[in-house]
Every structure is written in C-alpha cells, then in structure tokens.
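Given chain A's structure and the hints, the job is docking chain B onto it.
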Amino acid sequence: MNDWNDLCALEDIPRLGSRVVETDKGRLAVFRTADDRVFALNDRCPHKGGALSQGIVAGNRVTCPMHAWLIDLEKGEAVAPDHGCVKRHEARIEDGRVLLRLN
Amino acid sequence: MNKQKLVVVGNGMAGIRTVEELLKLAPDLYDITVFGAEPHGNYNRILLSPVLAGEMTLPDIVLNDFDWYRDHGITLHVGKKVTRIDRTRRQVIAEDGTTEDYDRLLLATGSVPFILPVPGSDLPGVIAYRDIADTETMVAAAASHRHAVVIGAGLLGLEAANGLKLRGMEVTIVHLADWIMERQLDRTAADMLQASLEARGLRFLLGKQTEALLEKNGRVGAVRLKDGIEIAADLVVMAAGIRPNTALAESAKLHCHRGIVVNDTMQTYDPRIYAVGECVNHRGTVYGLVAPLFEQAKVCANHLAHFGIARYGGSSVSTKLKVTGIDVFSAGEFMGGTDTEEIVLHDKAGGVYKKLVIDGEKLVGAVLIGDTADGAWYFRLIKDDAPISDLRDRLMFGEHSLGDVGHAGGHNAAAMPDTAEVCGCNGVCKGTIVKAIREQGLFTLEEVRKHTKASSSCGSCTGLVEQILASTVGGAYKPATTGDKPLCGCTERTHAEVRRAIREQKLLSIPAAMAFLEWQTPNGCASCRPALNYYLISTWPHEAEDDPQSRFINERAHANIQRDGSYSVVPRMWGGVTNPAELRRIADVAEKYKIPTVKCTGGARIDLLGVKKEDLPGVWKDLGMPSGHAYGKSIRTVKTCVGNEHCRFGTQASMGMGIELEKMLFAMWAPHKVKLAVSGCPRNCAEAGIKDVGIIGVDSGWELHVAGNGGIRTEVAQFLCKVGSAEEVKEVTGAFLQLYREEGYYLERTVHFVQRVGMDYVKSRVLEDKEGRRALHERLLYSLRGLPDPWAERTDGPAKREFVPLKLIA
Chain A
21 MNDWNDLCAL
31 EDIPRLGSRV
41 VETDKGRLAV
51 FRTADDRVFA
61 LNDRCPHKGG
71 ALSQGIVAGN
81 RVTCPMHAWL
91 IDLEKGEAVA
101 PDHGCVKRHE
111 ARIEDGRVLL
121 RLN
Chain B
62 MNKQKLVVVG
72 NGMAGIRTVE
82 ELLKLAPDLY
92 DITVFGAEPH
102 GNYNRILLSP
112 VLAGEMTLPD
122 IVLNDFDWYR
132 DHGITLHVGK
142 KVTRIDRTRR
152 QVIAEDGTTE
162 DYDRLLLATG
172 SVPFILPVPG
182 SDLPGVIAYR
192 DIADTETMVA
202 AAASHRHAVV
212 IGAGLLGLEA
222 ANGLKLRGME
232 VTIVHLADWI
242 MERQLDRTAA
252 DMLQASLEAR
262 GLRFLLGKQT
272 EALLEKNGRV
282 GAVRLKDGIE
292 IAADLVVMAA
302 GIRPNTALAE
312 SAKLHCHRGI
322 VVNDTMQTYD
332 PRIYAVGECV
342 NHRGTVYGLV
352 APLFEQAKVC
362 ANHLAHFGIA
372 RYGGSSVSTK
382 LKVTGIDVFS
392 AGEFMGGTDT
402 EEIVLHDKAG
412 GVYKKLVIDG
422 EKLVGAVLIG
432 DTADGAWYFR
442 LIKDDAPISD
452 LRDRLMFGEH
462 SLGDVGHAGG
472 HNAAAMPDTA
482 EVCGCNGVCK
492 GTIVKAIREQ
502 GLFTLEEVRK
512 HTKASSSCGS
522 CTGLVEQILA
532 STVGGAYKPA
542 TTGDKPLCGC
552 TERTHAEVRR
562 AIREQKLLSI
572 PAAMAFLEWQ
582 TPNGCASCRP
592 ALNYYLISTW
602 PHEAEDDPQS
612 RFINERAHAN
622 IQRDGSYSVV
632 PRMWGGVTNP
642 AELRRIADVA
652 EKYKIPTVKC
662 TGGARIDLLG
672 VKKEDLPGVW
682 KDLGMPSGHA
692 YGKSIRTVKT
702 CVGNEHCRFG
712 TQASMGMGIE
722 LEKMLFAMWA
732 PHKVKLAVSG
742 CPRNCAEAGI
752 KDVGIIGVDS
762 GWELHVAGNG
772 GIRTEVAQFL
782 CKVGSAEEVK
792 EVTGAFLQLY
802 REEGYYLERT
812 VHFVQRVGMD
822 YVKSRVLEDK
832 EGRRALHERL
842 LYSLRGLPDP
852 WAERTDGPAK
862 REFVPLKLIA
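Here the protein sequences line up with chains A and B, keeping their order.
When you read off a place in the first sequence, starting at 1, and then add 20, the result is the number in our numbering.
When you read off a place in the second sequence, starting at 1, and then add 61, the result is the number in our numbering.
Do not take every clue at face value.
To be verified - Mimicking DMTMM-like on lysine to aspartate or glutamate, the simulated pairs with C-alpha atoms at most 20 Å apart in a straight line are: (1) B:Lys-511 <-> A:Asp-92; (2) B:Lys-511 <-> A:Glu-97; (3) B:Lys-868 <-> A:Asp-26.
Simulated from the structure, these hints should not be mistaken for lab results.
If you're wondering where the values come from, they're calculated on a predicted model, not measured in any experiment.
With the rest of the complex left out, here is chain A (with noise of 0.2 Å):
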C-alpha cells in the first residue's frame, strides 16, 4: 500500500472540512483547508482519542471535538500547551484529484 492511492475528487471534502477514509490500516481523517490544501492523518486525538475528523477546521489546524485540543495539521502536533502526535500519512491534489499514501 506504500503507492499512491486515488481517493476521491477534491469537490468530495468540503472546504475547511474532512472525510473519514476507512483503510486496512485504521481510520484516517482527510482535511481540506480554505485555500484547498489537503492533509491525511490517523482519525484519533492524542489527547483521549477523539475523531479529529468530526473537528472544526481553521487555518491549518483542527479543533478535536472532545476537549479542545489543536492539532497541527501539517506537523501532526499537538498546539502548545499541550503535548501529543498523532501519525500523518501524505495527500496531495492532481487534475481535482486527492491522492493519498499511507505512511
């Protein structure tokens, strides 16, 4: 599975928002921020596991819907104070396309 994978067409995450992508390898979250950049990391907040999915988005951030914490979308971090990863995989955007490969 370490190639990269056609996912779905850009038009299928709304803008600042995500999709669950289910995989053999778990659940992963899917981002889109405003100005159409995709991330892809493991659907679980390092915090207590919450679906980071089901967050709101804003700038390259989500806010996990259980207790708030900000993940870094990019870094996969946790935003300081707090401390915390979650695992990233790689998306980008070809022809409208998402593709994705799992790390």
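Only chain B this time, still in chain A's reference frame:
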C-alpha cells in the same frame, strides 16, 4: 531586506510584556534590542516582598532569564542606563557610550521612588524600596542592625516593614495621614489592619511628618519628626510614593506631564516612540499596578506589529494583597458617601470586615479584610456594571452562596490543601495549578485554563481558580470580565460589538463579517466561527448563510457525539407525549441497528445511544420522527406533567400547552440550549422552577418564570408575570426567547443573560412595551417559519458527504 529595529528602554515587566505580546503577533518583524539599568533579566517586581520576607528567593521571581533573550534573538544590554535619545538620528545612547539605532522606540522606564527632601536623606542607610538592590540592602541591614524606620504606610511601606520585622528588626512606621493605606482602605478597615500588625510587633506613628534624618557614626542614626520626637533608626526606608520616571523622555523633549503623555495606542508625541507602564500618563491617569500595564502592553504590541486596531481605554483597578497573613482587598469607590448605600459585615474579634458600596442598582466599591475570597467576584461586578438588585440579599455572602457543584462546595482557595481537587471536570488539584502558575509564569485565567485545563469545561470552579491565581501572583492578577472581553484570540472585538456590526452593516456571511471586523486569523477558530454563524443566522434569518463547517460537530451531524465517537439519537416527542406506534418503531430501530443503550433523558425523552455515524440517516428514516435537537444550542424540550386531563390536582392542560409551545419553537437556534417546562398546578411536577422558561398552571391562568437553570449552578427561575390565556403564554414566552436570541451572547444561558441585562430590562421589553412584545414574538415566528426538520432533510442523498466514510482501495 534588513529588518526594522525596535529598541526598548526598560527591562521590567511592562517593557518585556510588550515584547512578548509582539513576538506572539509578529515574531520576525523586528530586530529587538533591550536596555536595562539593573544587572538582571526581567523579574516580577511584585514578588520582591516575599523575597524580603524570606518566603521566596531571587531565582523564584525571574520571569525571563538570559536564555530567553538569547532564544528570541534579542540583544540585551543590562546594567546600562540610557541617558540620551537623539530623535533626529533615531539613536539611543547609554551612559557607557553604547549606541543603538531605532526605527521604533519603546520607553518603559517605570517609576522612581519619591525621596523626601529632608536633611540627611542622602545618608548611608537611607534607601527606597524599588528593586533587587534595595531588597538586598535591606536583607544585609537586617543582619547587622537593629532599628528600622519605614516612612509611608502604603502598600509598599507595610510590606517592607513586615519583611524587616520578619528578619528580626524593630520596625517603626511613620505615616503622614491619619490612617494607614488611606488610598485603599476606609478608616475601619485600616484600624483593623493596623491592630493586627501591631499585634505582630510593628509600631505605628500616624499623622506625623518627618523633619530630618540624623547622622550617627557615618550613617543614619535617627529620624526626627516635626513635633520633636526622635526615633532610633539604623535603616530608613522611604516608601512615600513613586513618580513616573520621565527624565529620559523629558531630556529628549517629548511631551511629559506627570508621566510621558500617550494616546490610546500608547504612542507618544513622537510617532516613532511608544511608551508603556508606570512612566506613562494615559488620559490623565498614571497606573502603578501591574494589571493595567499588561493591558497597555497588549495594545502597544498590536500597533508595533502593524495590526493597528487595538485601543487602550484605561483600566479599573483593584488592590488585593496580603500583609503578614492578613488578606486585604479593595476596589472602586470604597469610601462611599452620602449618595451611596453600604452593606457592612463587621466581626471585629474574628478579624473580618466587609463593606460593599452600592449606588442605585450597581455595586461601585468594596473593601474586604480577613476574608477576600470573593474579591475577584465583586471586582467583576463593579467592572461589568452589572445590575445587582436581584443578588442584593445574597451579595454579602459571596459568589458561592449562589450555589456550586463539582468541588465539594469549597470556596476559599487559600484554605485548601494542595491535594484538594479544584476542577471536578478535569481532575485538577490546587497544587497542580499553583505549580503551573509559578513555573510557566502565568498571569491570566485564560493562560491557566490553557495550561492546566482547570475551569475550562463547565466553568463552575472559575472563582476558585481566580483566587488561586490572585494569591499566587499577587497584584499582577487581573480578573476577567465578560463585558469587555474580546470574543476570542482572533479578534479584539467584543460580543456586543460583533453583534452590532452584523446588524448595522447587514453582514450576511462569515467571510463578510470577518473582513468588515478585521479578523486577525484567516478563518477564525473553533470558538469564534460558531458564534459568528449564530449571530448571522439569528440577526438575518432566511438571508444569512448558515455555514455547516462553522458549527460544532453535533449541530453539523444533528446528533450528539459520544466519547467513543458514536452518536446518540433523541427523537422529538412533542411535550414528552408518545404512543405505541412510535415506541414500536423505536424498539425496531434499536434492534435493527444494534443500538446498545436505550434510556430516558432528563427532559423526558428517549435516547438511543451508541449509533454509528454512518447509520444515522437510516435510523432517522426508520424512526419517522422529527429531530429532538438534543444536540444543539437550540430549543431542547418542553417537559410537561400530565395536568388536568388525568391528575386529580391538575388545574390546567399542561400537556397540551407544552405541545403547542414545543411546536411553536421547533428548530429554534439560540445562544445556548433552551429548556422549557409546563406544570399543571403549583405542585410543579415538571420542575418548571429550573428551566429557561417555566410555566406553572394555576386555577386562574398561568404563571411564567424565566432564567432558571438546573445545571452547573442551580438557579431558581424568576417570576416574570401571570397571564390568563394560552395565547398570552405563547406571546410572552416567544418575546422573551426572541429578546434572548437577539441580544444574548453566544454560549450565554438565559440565566446569565438576565443577570447581565437585569430583570427590569427584560420586563420593560417583554411586559411593559406591548407593541414591542408583539413585534419580538412576530420576529421569532418569522425566523422559524418554514424551517425544515433537519433529519428528514438528510435521510437520503444530499448530506452523504457528512455521513458516509470514504474507502481507500489499493
């Protein structure tokens, strides 16, 4: 491109706080150079007293060590006093000839102690009490000498006297006024404080003027007063006040008048030069406490960062301090007068004195001795200009008398052991909070919430956390207020300002609102976006854009997210009344979708818990019932008792009334959740007394009560009016809720809304102004007209993106 150069003169709390705020906003904008006259990094000057008293050591009070300056690329010149500003060449020149160019200059030169112009004031052994060097001199003197005289019984003088006494000296305090701390305390409070200080061995000479300091063996030996008395003194501490340090600014011909004069952006008369802190005169006021300086720092940093939108409008100040273990608090117009009323509690033997000064409907001042636990709360009431008539009978007994849960009723932070749990939601103990405040250098409630999570969930322990903060950082603490607080970190605008702009400018979308209000972040954050979205759709129903991505997940998914990521589903049962067909469908759904838990809610509905998100549309379709909105900042439920249709005591048809109200309010979004109840007689089995609107049937009609709350802090609803007909019940209820929808702040429950605006205001809008009431009710009905059932809308097709996961096929 070369960066611009910022030079800061003054390495104290105001100057460095400004630099910190600036680094947060624009970390790479300037090359920063800091000059400090003292040979140290930035330290917490307020904590010099605990150092003098031997309770803390110098390293404990350092706020920014030398590593901090290095890590932020700041050039630091310590021990160098700046003596000249060349405004033409834009240079500052220090005593030793060090010269730095500037594009922007920040003056934070603080203040200088006032040295009485009496003979002998230049003798060795005569000092002020201002910095680390003075503190070290006092510690050394205490080790080798016996008699100390402190001139001035203000806050600083008493702390110096206390510290010297603890270090073994005989201390006499000479004071010009007739009672101590006359600028913070009334006579009764001052006498009590003085008595307890005397009991600890301090000696006071009040109403006395110093005439001369007399020499003995090459240093000071005695103090002579105007009335001829001489007191032995090996050490004299001048604590007779401070003056803004404007020498440098004046030499540079900057306009000074009892301080460096600045405008609301902290700019001096030279547009390249800013000033903050104790050296500044803002609108005629010079601030000597730390809290206002931090507000100035924030504003100044905003302008240095070229954001250009913050404004400093002055600060209200309170004093909270501890002298030899006695807590003292004062704020506002504490003296009172002929136009004001006073509520006083005076337990002389117990060492407690509390005076609250009330002007009309407002609390305007407070003095507390002995028990200052509620100081922060009183200060908030004073600053918020909050109407207190409804609290008046409980005001003296403090905030906790209003009822609290989650921390075992504890209300006195000072008396709590470190192991005591303060925040029952997040399991945070007092010791953890104190440690974080000390180690991370926290000063505000927001910072404590961020670092420890204490009081960040339900907020019921906010008062306790504020007390811990106040007792840990001392006078540097500034209580948070609701009225003038920015909506979130993305803006300087308050809720009121945002609401007003949306209405007056007819803003119809979040991007439009953010652009007009000059939001500082590109798409806001999880705090401001839901608030903006609510303000838009409530102000401009059917016109403003409702942005699902700016709603919390529960309102986007129309179900309540649970801790394991599954959802709960509560179907609408009008008035809590159901039938066998509905119950059968619920049972079938629970089995078909393998829903693990089915229970009754507090609002008398049925809750299906543990539903997978992808199953939600199917569950809704099979239920065939409308959304119960148990997940939203919206109308939740109208709870009813059975009423006169069955109950032998019932006087009114409460079920029918509940159903009518619930149908009228269906799909109503609000600043926070809204719960109603209708009882058919005064036995009130529907518990209407703790609802946002509680309606109680009596033989002759209906009583309406509003602004109750059964949650964090139990609040009994207040009586609004009694009406005769069902139509009137609906109109008054609708008008009250529409007023709340139009003027409430996001996440403000009706109880807090009514506390803020006052019950009299609510009555004037909803009862006395009959036209206005009808108009409010009409606007509510217009907003709700044609709103669809969100579940029916989503049972097939359009909302697939939200509910169906993607699959990755390799």
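Hints and how they fare:
At roughly 16 Å between alpha-carbon atoms, B:Lys-511 and A:Asp-92 fall within 20 Å of each other, so this suggested pair holds. For the hint pairing B:Lys-511 with A:Glu-97, the CA-to-CA distance comes to about 16 Å; that is within 20 Å, so the pair holds. Taking the CA atoms of B:Lys-868 and A:Asp-26, the gap is about 10 Å. The hint holds against a cut of 20 Å.
Hint compliance for this structure: no hint is broken.
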